[in-house]
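> Listed below are the residues making up each chain.
Protein chains: 2
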Amino acid sequence: MTCVKMLAAPINPSDINRIQGNYPVKPQLPAVGGYEGVGEEHGRYVVKEQSAWHKINSGTPVEYAATITVNPLTALRMLEDFVDLKPGDAIVQNGATSIVGQCIVQLARIRGIHSINVIRDSALSDEVKEKLKRLGADKVYTETQLELKKFKEFLANIPAPALGFNCIGGHSATTVLAFLGQGGTMVTYGGMSKLPVTVSTSSFIFKDLSLKGFWLQKWLGSNKAEECRVMLDHLLGLVREGKLTYEYVSL
Amino acid sequence: MTCVKMLAAPINPSDINRIQGNYPVKPQLPAVGGYEGVGEEHGRYVVKEQSAWHKINSGTPVEYAATITVNPLTALRMLEDFVDLKPGDAIVQNGATSIVGQCIVQLARIRGIHSINVIRDSALSDEVKEKLKRLGADKVYTETQLELKKFKEFLANIPAPALGFNCIGGHSATTVLAFLGQGGTMVTYGGMSKLPVTVSTSSFIFKDLSLKGFWLQKWLGSNKAEECRVMLDHLLGLVREGKLTYEYVSL
Ligand SMILES: NC(=O)c1ccc[n+]([C@@H]2O[C@H](COP(=O)([O-])OP(=O)(O)OC[C@H]3O[C@@H](n4cnc5c(N)ncnc54)[C@H](OP(=O)(O)O)[C@@H]3O)[C@@H](O)[C@H]2O)c1
Ligand SMILES: NC(=O)c1ccc[n+]([C@@H]2O[C@H](COP(=O)([O-])OP(=O)(O)OC[C@H]3O[C@@H](n4cnc5c(N)ncnc54)[C@H](OP(=O)(O)O)[C@@H]3O)[C@@H](O)[C@H]2O)c1
Chain A
22 MTCVKMLAAP INPSDINRIQ GNYPVKPQLP AVGGYEGVGE EHGRYVVKEQ
72 SAWHKINSGT PVEYAATITV NPLTALRMLE DFVDLKPGDA IVQNGATSIV
122 GQCIVQLARI RGIHSINVIR DSALSDEVKE KLKRLGADKV YTETQLELKK
172 FKEFLANIPA PALGFNCIGG HSATTVLAFL GQGGTMVTYG GMSKLPVTVS
222 TSSFIFKDLS LKGFWLQKWL GSNKAEECRV MLDHLLGLVR EGKLTYEYVS
272 L
Chain B
22 MTCVKMLAAP INPSDINRIQ GNYPVKPQLP AVGGYEGVGE EHGRYVVKEQ
72 SAWHKINSGT PVEYAATITV NPLTALRMLE DFVDLKPGDA IVQNGATSIV
122 GQCIVQLARI RGIHSINVIR DSALSDEVKE KLKRLGADKV YTETQLELKK
172 FKEFLANIPA PALGFNCIGG HSATTVLAFL GQGGTMVTYG GMSKLPVTVS
222 TSSFIFKDLS LKGFWLQKWL GSNKAEECRV MLDHLLGLVR EGKLTYEYVS
272 L
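Residue numbers (the working numbering), protein chains in the order written: chain A, 22 to 272; chain B, 22 to 272.
Intra- or inter-copy, both count: the list cannot distinguish identical chains.
Below, simulated DSSO-like cross-link-like pairs (lysine-lysine); rule was C-alpha separation at most 30 Å, straight line:
| id | residue 1 | residue 2 |
| --- | --- | --- |
| 1 | 170 | 154 |
| 2 | 173 | 215 |
| 3 | 239 | 264 |
| 4 | 215 | 47 |
| 5 | 239 | 107 |
| 6 | 173 | 47 |
| 7 | 47 | 170 |
Because the hints were derived from the structure by calculation, they are not lab data.
Please model the entire structure based on the sequences and the hints provided.
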């Protein structure tokens, strides 16, 4: 058993879903309402078997140490586990302003993969676009811009994406499907708009699209504990090198 | 070149779609408006290079010889190419009264695979159910029956299907998704209702469903000519043995 004094823990959308009872796995009560956090050993507050903790380099900013599992690891796995991407390939995503979305932009860029990004319209859209481009986004479009449906022009010199990510649903998911190239795959990992995903028959038959889902909790449950530690160290290393940074960019 | 006098050729839904211009591959005009048929050599009417024809056993009923490629081969490939099914496993499909659907029921049964079948409501539903059960269907439900949503009860002693087929779209596709077990795959190969497929976010994330498409024309284009002849002979053999039979069962 290891005693840890918690220093910081984020509230992720999944924490809210779990508290609302929208999660298929319901914890036994009383339960802790969060999935991740960071603390100091020899504090007095949280006691768990040692294997539940992961030791981190003391030079790591606390806010990153506290949030490195749920979102950055999701971004990393989703870029690796569905399509074999090569430098010069492209991905497309909605919800690009989310923490997962920002991690996808940066992790893709490190691998030489282009990213096409869809964001919501807001008074700050132009500012948000600049922020995402500074992180390495190749293209950023608001949903309204995409109503023009000129998906080929929007891609310009970037190849049609083989992989897309959807954390919004509804019309925003449709834009991701529209950007995907022949035989592409869309991975749904969230549903912020609470709207379902709607797909035309021809997208399946003629465009040969595949639609799948990702759930980190399932991935973590599949005997990945050791691999996972290596990945967290890798991600925290990128944070310390300034190659992975995130903040909630929108209002 | 081989001269063949055509004896019979079916009108498949894809022929109609192609004539309506709803197919992504548009033939050069003037064009023949159909994909398959049967004829006798040394007639005078259709001249094509010999490789375009497939010689069949003279004991084969003409109506099966004329229709063996588009629908039965689609059923065969879809049962083989997506999920590794074992005897005792189950599949679920809508549009079970279609020729493809009837072939799926029978080809599944030959492999010891259970089939759950969804049909449209009509005055003849009970008769149609009996016909499908005689072909080997384990369960047949009308869309209205399924409004009760007791999918576990509807399955009774049959395992949750790992594979589903959708040729209708809309609500009927949703019933196929509801029957599928954790990690299941739905293959869309038609859209008779002209409605898209709508999928909840949780189906992807928590139920881990995959959605794909099948298009025989693409499969045939992928260097499968020789394999294809073996499969057609296999299917026509089943016809001659009385193990594969089909007719348009509804009104
Ligand atoms: N499946 C998994 O294993 C897994 C793992 C981690 C995260 N997730 C999911 O990933 C998603 C993002 O998580 P996060 O922590 O990175 O999110 P976050 O930083 O809190 O960002 C939320 C995102 O959702 C957008 N958004 C919020 N409400 C919306 C609405 N009604 N319509 C359209 N867009 C809306 C926001 O856009 P604005 O910037 O325009 O407000 C922003 O892009 C969540 O759905 C979360 O549950 C899933
Ligand atoms: N992707 C491919 O490579 C491929 C290959 C072969 C066939 N197909 C497709 O497979 C489907 C079936 O072909 P088939 O020749 O076997 O068909 P079929 O024998 O002509 O049967 C048509 C089926 O569609 C149902 N249906 C018709 N209109 C409908 C509507 N508005 N709402 C709901 N159901 C409706 C019929 O139900 P009732 O019996 O209740 O009238 C029947 O089950 C077609 O969509 C066809 O294009 C695709």
